[in-house]
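Asker: The primary structure of each chain is shown beneath.
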Amino acid sequence: MSLYIVGALVLIALFLIALYNRLVVFRNRIDNAWSQIDVQLRRRYDLIPNLVEAVKGYAAHERQVFERVTEARARAIAAGTVGEQGQAESMLTQSLRSLFAVAENYPQLRASENFKHLQEELSGTESKIAFARQFYNDTVLRYNNARQSFPAVVIANAMRFGPREYFEMEEAAREPVKVSF
Amino acid sequence: MYDAIEGNVRRTWLLFAGFVVVVAALGYVFGELTGFGHAGAIGAAVLAAVAAWGSYYYSDRIVLSISGAQEAPRELFPYLHNAAEGLAIAAGLPVPRLYVIGDSAPNAFATGRDPQHAAIVVTTGLLDKLDRLELEGVIAHEMAHIQNYDIRLSTIAAVLVGTIALLSDGFLRSMRWGRRRGSRQSGSGLLVLVGIALAILAPIAARLLRMAVSRNREYLADASGVLLTRFPDGLAGALEKISADPEPLEVANKATAHLYIINPLREWGGWTNSLFSTHPPVEERVRRLRAM
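For the protein sequence lines, the chains are A and B, in the order given. The first sequence begins at 113 in our numbering and counts up by one. The second sequence begins at 140 in our numbering and counts up by one.
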C-alpha cells in the first residue's frame, strides 16, 4: 500500500518538475527575444549621430531639432524597464520624424548618397525593431498564458515566475494592422 | 504548422520512392529493348537511388544554377537584406542566403533543404517594381515556405522531375534511333508499346505530382507570411503586380516553375491551366488575403 503512495508522490513530483521546466524554457525564450530587440535598438542608437551630422552639414541652424534627437537618444539608452524603454523609444521615433521633416526642405541633402544610405539603414533597422517587437510580444503572450493556466499557476506563484511586460512602442512608418484569421 | 512539416517529410520519402520506381521501369523497358536485359532495371534503380540521395544535398545548388541566380551582396542590395533580416527575426529563423536573378520580370522563390540551409531568390525586376511593404510581403511568403519545409520537397521535386523529363525524352529519341537502324526484333512490339506509354506517362505523372506539391501550400504560405508582416495588403498588392506583369521570366522552365511565388510561364491557358497548374489562381489568393 505504501508503495502505491510513494509511486503517486514520485509521479506528482515528476509532473511538477516538468511544469517548472516548461516555465523556465518560456522565460529563456523571452530573454532571447528581448536580446533581438536590443541588438536593433543599439543599431539605431549607432546610426543616429551619423544622421544628425549629415543633416547638420546642410541645415546647421535647425539646432532645436538636433537637440531633441540627441536628448531622446540619451534617454532611450538610459531607460530601465521594458515599459520605460518603450516610452523612450517612441519619443526617439517622434524626434527622428521631425528630423526627417527638416531634411525634406533640403533637396541637396536628400540627393546625397550618404543621406540616402543612412535613411535606408535607419528604416531597415526600424522595421527590424518592429519585427523583433512582434516576436517578443508573441513570446511574452505565450509565457503569460502558460504562467496563468492551472496548475502551472501554483508553481509560478511559488517559484516567483512573475508576469512579463509587453514592449509597446510607437512605430515609424508601419501602421499596425489588425489581422483576423 | 507541425502537421505541414510532418506531411512534407512524408511526401519527400514518397517522392524518392516514386522516382526510383519510375526510373527503374524506364530502365527495364530500355534494357529489354537494347538487349541488356534485367541489368537495365537494376542499374537504373541503383542510379536513381544515388541520384535521390544526392538530390537531398545538392538540389538547392542545382536549382540556383539553372535559374541563373547570383549571390546578392549586402552593399548592392541593402534593401533586400534589411527586409529579409527583419522577417527572419519575426519568424525566429536564421537569415537565409539571398540571391538575385538579373531579369526584369518580377518573381521570387525559396530553396534549400531546411531553415539552416535556405536561400531566397528574387529577380531584379521584383526589386524595381515593388515597394517596401510589397517586397516584405513576398519575402514573408518565402520565409513561410522555409519554415514549413516546403522548400525541401519542392526543390527535390524540381530536380527529380527534371531528371524524369530528361530521361523519357532521351528514351523516345533512342527508340527512334533504334528503329532507323532496324536492329529491333519484331517480337518486342509489346515492349515498344509499354515504352511509349511510359515515355508519355512519365511527364504527366511528374506534372500531377508537382501539382500535389504546390497549390494548397501556396494558400498556407500566403497566410503564414501575413502572420509575419501583419499586413495582408502588402502581399496582395505584390501578387497583383507580379501577375499583371507581361514579361516572361526566361530562366524558368517546367521543372522549376512550381517554385516561384507566381507561375513564371505565361503561355498556358484553357482547361490544361486549371488541371495541371502548380499555382492556385491569383485572383483567389488576392481575394483571401484581402478578406483577412
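I should point out that these hints are in silico values taken from the structure, not numbers from a laboratory. Note that the structure is predicted; figures quoted are calculated from it, not measured. Heads up, a few of these hints could be off.
As the list claims (entries may be wrong) - Short derived list, chain B residues pointing at chain A, Cβ under 7 angstroms: (1) L153; (2) G174; (3) H177; (4) G179; (5) A229; (6) G231.
From the three backbone atoms N, C-alpha and C, an ideal C-beta is built for every residue, glycine too.
Asker: If a hint holds in the structure, say so; if it doesn't, say that too.
Answerer: For each hint, the structure was consulted:
1. L153: violated, 30 angstroms
2. G174: At about 61 angstroms, which exceeds the 7 angstroms cut-off, the nearest Cβ of chain A leaves the hint on G174 of chain B violated.
3. H177: At about 55 angstroms, which exceeds the 7 angstroms cut-off, the nearest Cβ of chain A leaves the hint on H177 of chain B violated.
4. G179: Violated. Min distance 53 angstroms.
5. A229: The hint holds - A229 of chain B has a Cβ within 7 angstroms of chain A, the shortest such distance being about 4 angstroms.
6. G231: holds, 6 angstroms
Of the hints listed earlier, those the structure fails to meet are numbers 1, 2, 3, 4, in rising order.
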